[in-house]
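Q: Once you have looked at the hints, place chain Z on chain A.
Okay, here's what each chain looks like letter by letter:
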Amino acid sequence: MALLIDHQSINVPAGSRDFGPATIPDGLTKVTLRMARRTTATPTLWAAGVTVDLKSWCSLDGGVTWLQWLGFGAPGGILIKRDGTDTVESWVSSALPAGTSRRIKLTATVTGGTLVSQLTVEVV
Amino acid sequence: MAIAYDNSNTITGGGAATVTIPAFAVAGANRLLFVTVGSSAGGGAVLTTSVVRDSGGLNESCTEVWDLTNGDTFHSSGHLFVAPATGSYAILITLSAAQDEIGACATSWTAAHQSVPIGTPVTGSSNGGSANPTLTVSDAADDDVVIDGVHVYDATIAAGADQTQRANLVIDAAVTHGCSTQLGSIAGDVMSWTGGSTPSWAAGAVAIKPAAEEVPYIGYGTPRDHSGCKPWSSIWRPARA
Numbered sequence: 001m002a003l004l005i006d007h008q009s010i011n012v013p014a015g016s017r018d019f020g021p022a023t024i025p026d027g028l029t030k031v032t033l034r035m036a037r038r039t040t041a042t043p044t045l046w047a048a049g050v051t052v053d054l055k056s057w058c059s060l061d062g063g064v065t066w067l068q069w070l071g072f073g074a075p076g077g078i079l080i081k082r083d084g085t086d087t088v089e090s091w092v093s094s095a096l097p098a099g100t101s102r103r104i105k106l107t108a109t110v111t112g113g114t115l116v117s118q119l120t121v122e123v124v
Numbered sequence: 001m002a003i004a005y006d007n008s009n010t011i012t013g014g015g016a017a018t019v020t021i022p023a024f025a026v027a028g029a030n031r032l033l034f035v036t037v038g039s040s041a042g043g044g045a046v047l048t049t050s051v052v053r054d055s056g057g058l059n060e061s062c063t064e065v066w067d068l069t070n071g072d073t074f075h076s077s078g079h080l081f082v083a084p085a086t087g088s089y090a091i092l093i094t095l096s097a098a099q100d101e102i103g104a105c106a107t108s109w110t111a112a113h114q115s116v117p118i119g120t121p122v123t124g125s126s127n128g129g130s131a132n133p134t135l136t137v138s139d140a141a142d143d144d145v146v147i148d149g150v151h152v153y154d155a156t157i158a159a160g161a162d163q164t165q166r167a168n169l170v171i172d173a174a175v176t177h178g179c180s181t182q183l184g185s186i187a188g189d190v191m192s193w194t195g196g197s198t199p200s201w202a203a204g205a206v207a208i209k210p211a212a213e214e215v216p217y218i219g220y221g222t223p224r225d226h227s228g229c230k231p232w233s234s235i236w237r238p239a240r241a
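Chain order of the listed sequences is A and Z. Using our numbering, read the first sequence as starting at 1 and increasing by one per residue. Using our numbering, read the second sequence as starting at 1 and increasing by one per residue.
Pulled out of the complex, with its shape left as it was, chain A reads as follows (with noise of 0.2 Å):
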């Protein structure tokens, strides 16, 4: 496992902000991307009304040539899961495809104020 960003905090005006690239080290097969909402202990990050949009990007090749990969998008606020704990962070994953030279990168589109929160890349 690896984390390419762990926890890294975030402070994203309404606007677009880029992160990385990132090499991916060979052999490790899945990524996933976590983004820390807002809980009752945790009642300064990712306010309601903040909108985020993350989408990423993976090479092939260096970071020559890039193709869309996984990505979420999300509103803000507290949200309850079924068991009534709130939802500790936003995350998709998804296998990364195979071979060397891999590498990614991230962008978060925020709309409806500042984004506060914590970024994780993780790749296993």
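Simulated from the structure, these hints should not be mistaken for lab results. Take these hints with a grain of salt, some might be off.
Non-contacting residues of chain Z with respect to chain A, defined by C-beta distances greater than 10 Å in every case (computed) [claimed, not checked]:
1) 2
2) 5
3) 6
4) 31
5) 47
6) 59
7) 60
8) 68
9) 83
10) 141
11) 160
12) 190
Examples of chain A residues lying across from chain Z (beta carbon under 8 Å, computed) [stated by the list, open to error]:
13) 55
14) 70
15) 71
16) 81
17) 89
18) 91
Note that the Cβ used here is the ideal one computed from N, Cα and C, for glycine as well.
A: Chain Z in isolation, oriented as in the chain A frame:
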């Protein structure tokens, strides 16, 4: 030519209202794209708003085949696009609200019928009942391929014996999205999944129809289909005297 599997990709996620299935290559003749989506949430399941390949570019907006909830927290939908462009493009799935668990599987196919690509969809659901997901696609012909999508409140499920599992995505440890296919020649045309120890689920299935066989012209006389050909009189005219 029989319908043939081409390629696929999957996604899992949570705490989100949209997810993007990573790009994967689509190629071949008489192409068809089929996307199954499942979601669940404590605040109640929602429906799928749209499924678009290469959003903002080609904007290949898929047609909804089925979209249902189990009346509580589980949701399943299926979506189709005929003749997707060749190449590698991502697929954007938009739900009507954020969900706790999301799973999706996109598969591409060749040799699919381009004007009547599917039969009549079949759906089913359970809200804490006792039955595992089981759907019968009664209009499936022998040359068809039946595809299903299930979203189940269970972390361990398995497709029926004659089915080919295309996705078995465990999401958040307690919810699974599954997609499988089966040849239409299998007797009964039943699509089933086992293992639902807490059988809350929503599911759908439909038969994908094969492209029409091309009948080669053999022999003498007039070919059967001469539409599009110019009459001889428009091509050859005798010289005027």
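Q: Please settle this one: residue 68/Z was flagged as non-interface, so is its CB more than 10 Å from every CB on chain A?
A: Label holds. Min Cβ-Cβ 19 Å, cutoff 10 Å.
Q: Per the stated criterion, does the least C-beta distance between residue 6/Z and chain A lie above 10 Å, as a non-interface residue requires?
A: Since the minimum Cβ distance to chain A is about 16 Å, residue 6/Z lies beyond 10 Å and the statement holds.
Q: Next item in the hint list is residue 55/A. Is there a CB on chain Z closer than 8 Å to its CB?
A: With a closest approach of 7 Å, the residue 55/A hint holds.
Q: Run the C-beta distances from residue 5/Z to all of chain A and say if the shortest one exceeds 10 Å.
A: holds (17 Å)
Q: Classify the label on residue 60/Z as holds or violated, using whether its beta-carbon is more than 10 Å from each beta-carbon of chain A.
A: holds (14 Å)
Q: Does the claim that residue 141/Z lies outside the interface with chain A hold up, using a Cβ gap greater than 10 Å?
A: holds (33 Å)
Q: So residue 59/Z supposedly isn't at the interface. Is its beta-carbon more than 10 Å from every beta-carbon in chain A?
A: Per Cβ check, residue 59/Z is outside 10 Å of chain A; nearest 14 Å; holds.
Q: With 8 Å as the cut and Cβ atoms as the points, is residue 81/A at the interface with chain Z?
A: Holds, about 5 Å.
Q: Would you assess whether residue 190/Z, listed as outside the interface, keeps its beta-carbon beyond 10 Å of every beta-carbon in chain A?
A: holds (30 Å)
Q: The hint names residue 89/A as touching chain Z; please verify it with the least Cβ-Cβ distance against 8 Å.
A: holds (6 Å)
Q: Using 8 Å as the Cβ threshold, decide whether residue 70/A counts as touching chain Z.
A: Holds - the Cβ of residue 70/A comes within 8 Å of chain Z, reaching about 5 Å at its closest.
Q: According to the definition I'm using, a residue is off the interface if its beta carbon is farther than 10 Å from all beta carbons of the partner; does residue 83/Z meet that for chain A?
A: Nearest chain A Cβ is 21 Å from residue 83/Z, so the label holds.
Checked against the numbered hints given earlier, this structure breaks none of them.
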